[in-house]
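Now for the letters of each chain:
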Amino acid sequence: MAELNSIGRVVGIDLGTTNSLVAYMEGDAPRVIPGVDGSNLVPSVVALDPISPAGGRPTVTVGNSARKALIETPERVIYSVKRLMGRGLEEIENELKLFPFHLASDIEAGEIPRIQLGELRFTPPEISAYILRQLKRNAERFFSAPVTQAVITVPAYFNDAQRQATKDAGRMAGLEVLRLVNEPTAAALAYGLDRAKEGTIAVYDFGGGTFDISILKLRDGIFEVQSTNGDTHLGGDDIDNLLLGIAFDEILTEHGIDLRRHPGAVQAVRKAAIEAKIQLSAVPAAHIDIELPDGDRYRREIPRAVFEMLIEPVLARTAGPCKQALSDAGVTPEEIDEVVLVGGSTRIPAVRELVDNLFHLTVRGKRPHTELNPDEVVALGAAVQAGILAGASQSTDEMLLLDVTPLSLGIEALGGTVARIIQRNSTIPASATEHFTTGVDGQTNVAIHVLQGERELAADCRSLARFDLKGIPPMNAGLPRIEVKFLIDADGILQVTAREQRSGKAAQIEVKPTYGLTDEQVEGMILDSFDNAEADFAKRLLIEARNEAETILAAVERAPQNPAWKELCGEEQAAITAARNRLAAVKLGENAGQIREATLVLDQATRRFAELMMDAAVSSALRGKTMNTAGEELAEAVTAPHAMAAAEFK
Amino acid sequence: MLKVLDSAVPVACWSCSIGHNDSTLFCPHCSKIQPPPGGDYFSVFGLEPKLDLDLPALEHEFHRLSRKVHPDRFARAEEKERQWSLADTALLNDAYRTLKDPLRRTEYLLKLEGAEIDSESKDEKAARVPADLLEEVFELNMQLEEMRMNRKIGAADAALEASLTDAKEETSGLLEAVDKELRIEWQRWDAGDKSARMAGQVRMVELLDKRRYLSNLVRDVTEILGA
Chain A
1 MAELNSIGRV VGIDLGTTNS LVAYMEGDAP RVIPGVDGSN LVPSVVALDP ISPAGGRPTV
61 TVGNSARKAL IETPERVIYS VKRLMGRGLE EIENELKLFP FHLASDIEAG EIPRIQLGEL
121 RFTPPEISAY ILRQLKRNAE RFFSAPVTQA VITVPAYFND AQRQATKDAG RMAGLEVLRL
181 VNEPTAAALA YGLDRAKEGT IAVYDFGGGT FDISILKLRD GIFEVQSTNG DTHLGGDDID
241 NLLLGIAFDE ILTEHGIDLR RHPGAVQAVR KAAIEAKIQL SAVPAAHIDI ELPDGDRYRR
301 EIPRAVFEML IEPVLARTAG PCKQALSDAG VTPEEIDEVV LVGGSTRIPA VRELVDNLFH
361 LTVRGKRPHT ELNPDEVVAL GAAVQAGILA GASQSTDEML LLDVTPLSLG IEALGGTVAR
421 IIQRNSTIPA SATEHFTTGV DGQTNVAIHV LQGERELAAD CRSLARFDLK GIPPMNAGLP
481 RIEVKFLIDA DGILQVTARE QRSGKAAQIE VKPTYGLTDE QVEGMILDSF DNAEADFAKR
541 LLIEARNEAE TILAAVERAP QNPAWKELCG EEQAAITAAR NRLAAVKLGE NAGQIREATL
601 VLDQATRRFA ELMMDAAVSS ALRGKTMNTA GEELAEAVTA PHAMAAAEFK
Chain B
1 MLKVLDSAVP VACWSCSIGH NDSTLFCPHC SKIQPPPGGD YFSVFGLEPK LDLDLPALEH
61 EFHRLSRKVH PDRFARAEEK ERQWSLADTA LLNDAYRTLK DPLRRTEYLL KLEGAEIDSE
121 SKDEKAARVP ADLLEEVFEL NMQLEEMRMN RKIGAADAAL EASLTDAKEE TSGLLEAVDK
181 ELRIEWQRWD AGDKSARMAG QVRMVELLDK RRYLSNLVRD VTEILGA
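For the protein sequence lines, the chains are A and B, in the order given. First residue of the first sequence: 1, per the numbering used here; consecutive thereafter. First residue of the second sequence: 1, per the numbering used here; consecutive thereafter.
So that you can see chain A by itself, here it is in the shape it has in the complex:
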């Protein structure tokens, strides 16, 4: 343990549109780290707490508690921020048409877009940093040790700016991002760990906000990506918004209420729409039933057939990228040995049907892989990559991931056309060297416009940055020979170096990123600069341990009033009382480890009591049902209490 502390653990993080997770390698297997509430998923929702009467900067909450605030204080909550990462002002404005939050009103052109949240404003990477910090804390709590290094996953089709924004968010959260890994590739790593297979696999990753397809070749532990494609604007969110749109229209015509003007009600409808969508994967029809601001109710049945017709255009948009990826990899659907499904949206039966058709699965007697939980598989893969980087696990020793750049890199040439210098699907790191010269006598700087994308005209590609090569020795036009090296690193991020060859002088480069933050700006946004300081860390652990202790103590105080208490024998009751007294005493001290241990003892002592209570609750809820259906519903509704979870007694 001492040794592990000194090098530190590397965790794997899935920073998702809807949910985020953190995982690590436990020996030879990846494991998700649960949060304080025992849940593996941390909803990617960030809320500002209500202004405290005492004044001061409001605190920020993340995850389930922030999600609860969505309905009460929607103007102080933000979700799906991943869709805004690395995007320009105009793109964000477009994106925000579908969401209840909005940009700060006085942003000038060229300024970094900030989202207005209550009385404060945040850049998208700052919001993501709050989510990352929560995951970091969950991991630190789990290990009882600081965590400073991470692997973070991104959609394979993320461009340079979106990747850089994700890395910036990591830095703001106090994490050194050792690697950005593409989500579908991470999923392949998670699957590849326990099956030493050879062959060609396709990963179809349809998540909350993004769609990716990757084709990989597996051989001798080497995962070589052949091609990747996708759409960073396509996901479960789009399906939710379709259902939402229908509800809004019907409520407007039937009840004369424009719900768009009631942010709290919008969130209530959104919640109902998402629940209906999830239900429809299991049942033939779902019902929406919500109370409107005027006290009336909006009721609607959605049969699965209608739902499938509605979402067909959204699903169809995943087919094009799949075909392109197959073509770029130079393989036919028949040559795909395995298909892996990733992302919550792949639970939708119509999506599975589409995948089956695209890759000719049933006709070849094959089924897609869904053994690993599609919500967790990316985080598990990130942990595997973290294990590879740390070099600490035997199972990952022989594994190596060779990924590709999803988009071609080019520079703007005369007439606004694009000269491509690195083709899409090139294995990264990849580089290209270009030579530039001057057009006017005595010219001392040259501007280079770097773009990403597949279109012929610069205006249709995504502008990455403008590089200004400065300090060129004055010479006649055309005489200087400036060598510029473009290198896409293993994170898929561009690095540029330049030198003037005739004088041997290294040219200075001034980079103006088209989107995104400068180094200084990122520095200024680092959350709680003292977050990593030892003393502060110990203090935080103590506060967290005391909070957990208080939660369980409060629950135990109420225990004797519960009918289940009488079913315990005297010995069991005495054990609980003893454990409670010990925790109450230890809690006053300064030793976080002792408090955690005493909490654990009390949690163990109350385990049977908790089970008795749950049995009672379940049998009253399921009365009149067969054991079989009861079992199914139980699996959905009850999650086993985690040892470190704050016990709920109600």
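Treat the hints with caution; some may be incorrect.
Claimed, not checked - Computed list of lysine-lysine pairs in DSBU-like fashion (alpha-carbon distance at most 30 Å, straight line):
#, chain 1, residue 1, chain 2, residue 2
1, A, K485, B, K180
2, B, K194, A, K217
3, B, K180, B, K68
4, A, K539, B, K194
5, A, K587, B, K50
6, A, K68, A, K217
7, B, K180, B, K168
8, B, K50, A, K323
9, B, K168, A, K485
10, B, K50, B, K111
Quick caveat, the hints were computed from the structure, so don't treat them as lab data.
Since the structure of chain A is already known, use the hints to place chain B on it.
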């Protein structure tokens, strides 16, 4: 940009100070990673500059070197080793990408040998029909256009589809024939002296153009049939 083979230049290892020749990613004495070597793409794999390559062996060597040099293996190394791992891996990937593809490999080696190949106007070249294919592809291009229109308006034409399927077979056959001829030229080139190489060069450039055109055609037909 393209560096000539200069692997004879001795360099001292930064770590153990023992001299080694410049074309190595790792010091032969202490196994430490070295800054990117100055040799050409062939020397990265320890190969003589030849056109007729054993591709499975090349892939095997690419995987072996990747395992050793990839940034994943240097995530916690000191800064300069991380930088070299990044630069070396970029070189390795660039070299593999160039050498595994017959077109890129041939162009690369011809350029190394001083041939004038204008690779910047690749896209224009792709559009120019090689003279001996004019007749055959005229009809095919018409059919492709018709098929695209059909797809756009959602009409189906079974006869046209069957005809395109045949054309695809035929074009693939032509492509194979070009590859065969190219391979013979490669072997001749690899074995020949300077004057034989100069003589074969023109023919090879022609074959490369033809190959590029044909493979684009096969891709287009496959795409429209699969849509």
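Note to self: Hint by hint, where does the structure go against what was stated? Just the numbers, ascending.
What the structure shows: 1, 2, 3, 4, 5, 6, 8 and 9
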